[in-house]
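Trainee: The numbers in the sequence shown follow this note's numbering, run straight up by one, and end at 309.
Derived from the structure by calculation, the hints contain no laboratory data.
Careful: at least some of the hints might be erroneous.
[Stated by the list, open to error] With a straight-line cut-off of 27 Å between C-alpha atoms, the simulated DSS-like cross-links for lysine-lysine are:
id	residue 1	residue 2
1	Lys-137	Lys-208
2	Lys-308	Lys-137
3	Lys-22	Lys-308
Model, not experiment: these values are computed from the prediction.
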Amino acid sequence: MADQFKQGQVTANGIDFHTLEMGAGPLALCLHGFPDTARSFRHQLPALAGAGFRAVAPFMRGYAPSAAAPDGRYDLVTLAQDAIALIDALGGGSDTILIGHDWGAAAAHFAAAAAPAKIRKLITAAVPYGPGIFQAFVTNYAQQRRSWYMFFFQQPLAEAAIRHNDFAFLDHLWRDWSPGWRWAPEDMAALKECFRAPGTVEAALAYYRQSIGAALNAPAHPSGAAPATAPIIVPTLMLHGRDDGCIGTELLAGQEAYFPRGVRIEVVPGAGHFVHQEKPDAVNRLILDFIKS
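Taking the hints into account, I'd like the entire structure generated from these sequences.
Mentor: As structure tokens, then:
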């Protein structure tokens with residue numbers, strides 16, 4: 017399937033990003049999360065290209081074959097700076113569509129808050145905006161259970177655990193987070209190929225250690241530790257799988273407070289955390305309808 021995409025490289029924010037691309041027209045930039053790669057958007061790139069967009073999905077910083085961070089930075093502010101720099105480097109203007117899943121969603125939220133003039137529409141999946149996740153660490157037992165891996169990733173043995181038994185950890189996460197998904201063997205094989213590359217595991221864990229870990233270790237109460245409180249004035253579509261085993265749908269409550277120009281929330285039945293891969297036809301319809309609205 018990857019053969020249908022043009023492969024490229026672009027330098028942005030000091031990182032050489034490897035990209036998958038399809039189509040021509042205004043930019044639709046698609047940012048993946050963990051544990052995932054640019055192939056995450058293999059169903060969305062053709063749909064966006066067919067709708068008249070230049071759809072580009074980079075491998076995020078540190079995810080091979082994109083380069084590791086020369087300064088070692090993988091914090092959320094830096095990820096947002098990557099998104100903004102990628103828009104500029106790819107020639108996107110104020111009509112750019114920014115799409116993100118998981119960590120890509122978090123980066124997209126921060127980018128839209130920081131540079132709204134560069135983004136016409138924002139579409140995120142699986143991760144709400146704001147400090148709700150940190151509040152849930154304190155108050156929500158169900159989310160505490162779901163988020164065990166975030167705390168585990170702060171420990172030095174996490175690297176070995178992920179690599180054990182040919183990266184079986186990744187199979188288990190996908191299964192736990194999207195319990196109804198039956199992915200193709202080549203999808204997991206591509207993910208493990210990325211994670212076998214030197215440095216990818218360390219980079220992926222650094223996302224959690226430098227953002228989640230830093231917030232948890234802040235002197236403030238965890239419920240106020242996250243900096244994600246700036247309003248997002250970009251019109252936003254937020255997607256979430258009803259059966260998400262990573263982030264519960266209850267964390268979507270109160271999102272409207274952060275989006276003064278409106279946020280449309282769509283909970284997709286029969287889907288888990290990887291909603292855009294599990295239900296691509298439904299998700300693509302929602303995305304294209306929102307873009308056209």
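Trainee: Does each hint fit the structure? Answer for all of them.
Mentor: Quick rundown of the hints versus the structure:
About 32 Å separates the Cα atoms of Lys-137 and Lys-208, which puts this hinted pair outside 27 Å; it is violated. Simply put, Lys-308 and Lys-137 have alpha-carbon atoms about 10 Å apart, close enough for the 27 Å limit, and the pair holds. The suggested pairing of Lys-22 with Lys-308 holds, with an alpha-carbon distance near 25 Å, which does not exceed 27 Å.
The structure shown violates just one earlier hint, number 1.
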